[in-house]
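Protein chains: 2
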Amino acid sequence: MCMDRKERILQALKVYVVTDERDRGEELLPIIKQAVYGGATAIQLRRKKELGRKFVELGRAIAEFTKEHGVMFFVNDRVDVAALVDADGVHVGQDDISVVDARKLLGDKIIGVSAETVQEARQAELDGADYLGVGSIYPTVSKPDAGYTGLSGLADIAKSVSLPIVAIGGIGIHNAAEPMRHGAHGVAVVSAVMSAADPTEATRALRTIVDGYDTMRR
Amino acid sequence: MCMDRKERILQALKVYVVTDERDRGEELLPIIKQAVYGGATAIQLRRKKELGRKFVELGRAIAEFTKEHGVMFFVNDRVDVAALVDADGVHVGQDDISVVDARKLLGDKIIGVSAETVQEARQAELDGADYLGVGSIYPTVSKPDAGYTGLSGLADIAKSVSLPIVAIGGIGIHNAAEPMRHGAHGVAVVSAVMSAADPTEATRALRTIVDGYDTMRR
Numbered sequence: 036m037c038m039d040r041k042e043r044i045l046q047a048l049k050v051y052v053v054t055d056e057r058d059r060g061e062e063l064l065p066i067i068k069q070a071v072y073g074g075a076t077a078i079q080l081r082r083k084k085e086l087g088r089k090f091v092e093l094g095r096a097i098a099e100f101t102k103e104h105g106v107m108f109f110v111n112d113r114v115d116v117a118a119l120v121d122a123d124g125v126h127v128g129q130d131d132i133s134v135v136d137a138r139k140l141l142g143d144k145i146i147g148v149s150a151e152t153v154q155e156a157r158q159a160e161l162d163g164a165d166y167l168g169v170g171s172i173y174p175t176v177s178k179p180d181a182g183y184t185g186l187s188g189l190a191d192i193a194k195s196v197s198l199p200i201v202a203i204g205g206i207g208i209h210n211a212a213e214p215m216r217h218g219a220h221g222v223a224v225v226s227a228v229m230s231a232a233d234p235t236e237a238t239r240a241l242r243t244i245v246d247g248y249d250t251m252r253r
Numbered sequence: 036m037c038m039d040r041k042e043r044i045l046q047a048l049k050v051y052v053v054t055d056e057r058d059r060g061e062e063l064l065p066i067i068k069q070a071v072y073g074g075a076t077a078i079q080l081r082r083k084k085e086l087g088r089k090f091v092e093l094g095r096a097i098a099e100f101t102k103e104h105g106v107m108f109f110v111n112d113r114v115d116v117a118a119l120v121d122a123d124g125v126h127v128g129q130d131d132i133s134v135v136d137a138r139k140l141l142g143d144k145i146i147g148v149s150a151e152t153v154q155e156a157r158q159a160e161l162d163g164a165d166y167l168g169v170g171s172i173y174p175t176v177s178k179p180d181a182g183y184t185g186l187s188g189l190a191d192i193a194k195s196v197s198l199p200i201v202a203i204g205g206i207g208i209h210n211a212a213e214p215m216r217h218g219a220h221g222v223a224v225v226s227a228v229m230s231a232a233d234p235t236e237a238t239r240a241l242r243t244i245v246d247g248y249d250t251m252r253r
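Chains D and F are the protein sequences, given in the same order. Going by this note's numbering, the first residue of the first sequence is number 36, and it counts up by one from there. Going by this note's numbering, the first residue of the second sequence is number 36, and it counts up by one from there.
None of these hints come from the bench; they were simulated from the model. Don't take every hint at face value.
Where chains are identical, the list cannot tell them apart; a pair therefore holds if satisfied intra-copy or between any two copies.
Pairs of lysine to any residue, SDA-like flavour, derived with a Cα cap of 20 Å [what the hints assert, rightly or not]:
id: 1; residue 1: K84; residue 2: D130
id: 2; residue 1: K68; residue 2: T250
id: 3; residue 1: K139; residue 2: L45
id: 4; residue 1: K89; residue 2: R138
id: 5; residue 1: K102; residue 2: H209
id: 6; residue 1: K68; residue 2: R95
id: 7; residue 1: K144; residue 2: G60
id: 8; residue 1: K139; residue 2: E99
id: 9; residue 1: K89; residue 2: V135
id: 10; residue 1: K84; residue 2: V135
id: 11; residue 1: K84; residue 2: R57
id: 12; residue 1: K83; residue 2: Q129
id: 13; residue 1: K41; residue 2: Y248
id: 14; residue 1: K89; residue 2: K139
id: 15; residue 1: K139; residue 2: L86
id: 16; residue 1: K68; residue 2: E103
id: 17; residue 1: K68; residue 2: H209
id: 18; residue 1: K139; residue 2: A96
id: 19; residue 1: K83; residue 2: E160
id: 20; residue 1: K83; residue 2: D58
Please construct the entire structure, taking both the sequences and the accompanying hints into account.
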């Protein structure tokens, strides 16, 4: 990977905000805007039950805003939606379209992969992933079916691959420093921002914590 | 539309078998094979809850078989999956990715659209759809939330557009002749084949009915 690309990705992973599955998708954009004003470095649109038409519509609205603000935008799972809304990339889980297949459709867009174990992380690196979403770090309400990796699992993965890593799962202001100390280059959050009374302040607090670590030198 | 393309599509719409949503997707391929042996002219993989990895895997297995047998293969909704498995095209509903967007990603692949009303049918034609799936013709158990078009609605749509039309919704051997008499170029079925005791015989019986109408001259 050329260094410019990797540095851009490292920068984007610092405070990576993933949308929740609330019924009314149109409520997401105002919160995303607040997160960006608070210093979010990436937004991921994750909508497991959304149908294609609405997914594209939401994606276009978010892409327009994130481009204006120089924030990276990822679409979860739907490679077709990522391509149509010209997102910066896609994030795929182990049951979603594979990295190799996503690469066929997306060319040099950024592809992130969820990894729970060292084996999944190494495979993703071999397959050409650009970054890893590693977790769950803590128990989580947003995605109760996610496997548990924990801080020690995160540290093991960080030693095993050279890919940028964003930690995910149960992370909030009170516990965001720990994954940073265990090898993560940034933190991904869902409810810590999406359900915050003040998403701008919540994001700002997370950004302050993460900015205390010089992730570019890892 | 050039005539070769339209004729190929008219041929494909005669007995168009849509998969059901059974839990075990791997059970679909044996039934699809039996349907093809009975004369199915097209297969559509419709899996609303399937995740991407498995969807692609199923799609590749079906595409390999349908190509060998000269039967058209469509993927429902997921444009990315259609592209990856090199299906003949995609079928989209009114809430799925739009025809215009699907065309951007699929180029000259075939794009079918579900239409319940004359207005939806005309819009799909303007948007560049290649064929229409019109229904529900009869009440249906496979898709209880589908709108009701009926035979008279089908006849109205057939008079309003020049696109090939496959009728769908509650169609079986006992009632397949009616939509053919009301302007359809073929019939799409789910449970009539997917739940048949003998999918080959069920498909063959449908094919005999449809072959009694000269749809190429409409």
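| task | Up to 20 Å between alpha-carbons, please classify K68 paired with R95: within, between, both or neither. | result | Close inside one copy (14 Å), not across copies (40 Å); limit 20 Å.
| task | Please work out whether the CA atoms of K84 and R57 approach to 20 Å or closer within one copy, between two copies, in both situations, or in neither? | result | Intra 10 Å, inter 18 Å, cutoff 20 Å: intra and inter.
| query | Is it within a copy, between copies, both, or neither that the alpha carbon of K144 lies no farther than 20 Å from that of G60? | reply | neither (25 Å within a copy, 31 Å between copies)
| field | K83 and Q129: within-copy, between-copy, both or neither at 20 Å Cα | value | both (14 Å within a copy, 18 Å between copies)
| Quick one: K68 to H209, C-alpha cut-off 20 Å, is that within a copy, between copies, both, or neither? | For K68 and H209, the Cα distance exceeds 20 Å both inside one copy (23 Å) and across copies (56 Å).
| message | If the cut is 20 Å between Cα atoms, do K68 and T250 qualify within a copy, between copies, both or neither? | response | For K68 and T250, the Cα distance exceeds 20 Å both inside one copy (25 Å) and across copies (54 Å).
| task | Pop the pair K84 and D130 into one bin, within, between, both or neither, using alpha-carbon distances up to 20 Å. | result | Answer is both: 15 Å inside a copy and 12 Å across each meet the 20 Å cutoff.
| 20 Å Cα cut-off: does K83 pair with E160 within a copy, between copies, both or neither? | neither (25 Å within a copy, 30 Å between copies)
| query | Is it within a copy, between copies, both, or neither that the alpha carbon of K89 lies no farther than 20 Å from that of R138? | reply | Cα proximity of K89 and R138: across copies only (17 Å, versus 24 Å in one copy).
| request: State whether the alpha carbon distance between K84 and V135 is at most 20 Å within one copy, between copies, both, or neither. | output: neither (24 Å within a copy, 22 Å between copies)
| At most 20 Å between C-alpha atoms: does K68 with E103 qualify within a copy, between copies, both, or neither? | within (11 Å within a copy, 51 Å between copies)
| Status of L86 relative to K139 across identical chains (alpha carbons, at most 20 Å) | between (23 Å within a copy, 18 Å between copies)
In the structure shown, a violation is registered for the earlier hints numbered 2, 3, 5, 7, 10, 17, 19, in ascending order.
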